[in-house]
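Place chain S on chain X using the hints.
Number of protein chains: 2
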Amino acid sequence: VSAVPLTLVNGQPASQLAALDRGVSYGDGVFRTLRVEAGVPRWWDAQIARLTHDAQHLRLVCPSPEIWKSDFDTLQVAESGVLRLTLTRGEGPRGYPFPAFPQPTRIVAFWPGAQTDSLQSITVRLCDLRLARQPVLAGIKHLNRLENVLARAEWHEADIREGILCDAREQVISGVMSNLFIWHDGVLKTPLLDQCGVAGEARAQLLERAQRAGYEVRVCQISLQDLFDAQELMLTNSLALLWRVARLQTREWLTPVISAHLWECLHA
Amino acid sequence: VSAVPLTLVNGQPASQLAALDRGVSYGDGVFRTLRVEAGVPRWWDAQIARLTHDAQHLRLVCPSPEIWKSDFDTLQVAESGVLRLTLTRGEGPRGYPFPAFPQPTRIVAFWPGAQTDSLQSITVRLCDLRLARQPVLAGIKHLNRLENVLARAEWHEADIREGILCDAREQVISGVMSNLFIWHDGVLKTPLLDQCGVAGEARAQLLERAQRAGYEVRVCQISLQDLFDAQELMLTNSLALLWRVARLQTREWLTPVISAHLWECLHA
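Protein sequence lines correspond, in order, to chains X and S.
When we follow our numbering, the leftmost residue of the first sequence carries the number 70, and every step to the right adds one.
When we follow our numbering, the leftmost residue of the second sequence carries the number 70, and every step to the right adds one.
Excised from the complex, chain X in its bound form:
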């Protein structure tokens, strides 16, 4: 993925935004990351619906789907890459109160470069950082992401692809940049995200598609013990779609069980 993205700010080609935008001052906004394949953003409608939902949760007026579509069309993207859609509460008077007449800022950025097109087996670690429990922000993909930044800074080993995060009560929540699924005794489970974590679109897609494919799925509390006891461990996000975990600390999972099939389900 190239280091030089194409960017639009409020629909105009621009690489800058107001230095006093509330997105910078307070992380007051939401975002989504999309996989683009040959110019086509995957799960576009669902991602826009999720962005809109998250914005409304913060009482931020989200531009219509047509406006986001028009922004994407303006980029004239024909190749594969990564698309990030960001919405902030824009500028306003100094201080925490919402601006009386908010003018949200939308940032659309595209990084060209193909994502993987096959199931990858990865090594992961357990992070030391514990996610704070905040039901008011749980599940929302907002711009307050310091926990993820600090958790990702815990390791430098190039062969470790992702870190697993627990919350303050030692419940397993997610990866740093992915959602988590475990396969155990014929049930596909993913953590409840009512206290922390981000409800990714790939997670929602896998829940729906796996169920349609006949798997028993469950959204529930998952402990560290459940993780090590699982017959298979998988991580989802909108870019990789699905990773299979081959190793977590000293625990190894040598052969795929259902991950190859689930990757196909997601990729379809």
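Rather than coming from a laboratory, the hints here were simulated on the basis of the structure.
For every residue, glycine included, the Cβ atom is placed at its ideal position computed from N, Cα and C.
Some clues are possibly wrong.
Calculated from the model, a selection of chain S residues having no Cβ within reach of chain X, i.e. all distances over 12 Å [said to hold, decoys possible]:
| no. | residue |
| --- | --- |
| 1 | G108 |
| 2 | P134 |
| 3 | Q189 |
| 4 | V286 |
| 5 | L317 |
Derived contacts from chain X toward chain S, CB cut-off under 10 Å, selection only [as the list claims (entries may be wrong)]:
| no. | residue |
| --- | --- |
| 6 | A83 |
| 7 | L86 |
| 8 | V151 |
Below, chain S without anything else, positioned relative to chain X:
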């Protein structure tokens, strides 16, 4: 306070910064707000030390005090107003990992307009939002401020000046934009900030100055009951210095006890 601030980005007069700055993408940075009186920022050295401390806590390289001073001098401020110093981790490749060669962004903004120069008695409310407990970020004035934004959005009454925040265990932590002190049985108490909250410079100044003035001070857990039982309630921040709470819900505090003296201590 005027709506049109003077702004510098990395020392240059500018009102914009990179749309993909990590300050926007993740709230990856820290800030401080200073009271400026006739061109002189109050508690400058201590505020710069605190900004530097907080940056280091996020493993962000903070520019030297001389650079911040040079930025402020560039503004050529002779009047009173509000100064905000912001430092972000700057731009970098897409994703959570720290950039290999970080180039932090500093934003210096000044809003002209005098702050109050006397002790004010204010009405406050209890916020519904509960602060998440996150020891890794507790006390740090970072850019992940959605909790403050959402708490401030809970009320619209112009006569309510501030909201009181508790954490998820019902411990009293602070105001939305201020630190809290209570006076009870001859002891000045302020909440421990080891789980959440922001350690403001006015709080540190009051702790030090009150002790020097002979008051017994204590940093400890404070419950809601302690709040209502207190003989006096005060809030501090770098702009107002100190507010006296005259009313919280139905509880009223009719006459100042030590707040007028503490305001003088802080103002000195």
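Hints, one by one, checked against the model:
1. With a minimum CB-CB distance of about 19 Å to chain X, S:G108 clears the 12 Å threshold, and the non-interface call stands.
2. With a closest Cβ-Cβ approach of about 22 Å to chain X, S:P134 is found to remain outside the 12 Å limit, as its non-interface label requires.
3. The non-interface label for S:Q189 is consistent with chain X: the shortest C-beta to C-beta separation is roughly 16 Å, beyond 12 Å.
4. No beta-carbon of chain X is positioned within 12 Å of the beta-carbon of S:V286; the least distance is around 28 Å.
5. Distance check on S:L317: its Cβ is at least 19 Å (rounded) from any Cβ of chain X, clearing the 12 Å threshold; non-interface status holds.
6. At a threshold of 10 Å, the smallest CB-CB gap from X:A83 to chain S is about 7 Å, leaving the interface hint in force.
7. Against a cut-off of 10 Å between C-beta atoms, the interface hint on X:L86 holds, since the closest Cβ of chain S lies about 5 Å away.
8. With 10 Å as the threshold, the beta carbon of X:V151 comes within range of chain S, its nearest partner Cβ sitting at about 6 Å, so the hint holds.
Consistency with the previously given hints is maintained throughout, with no hint failing.
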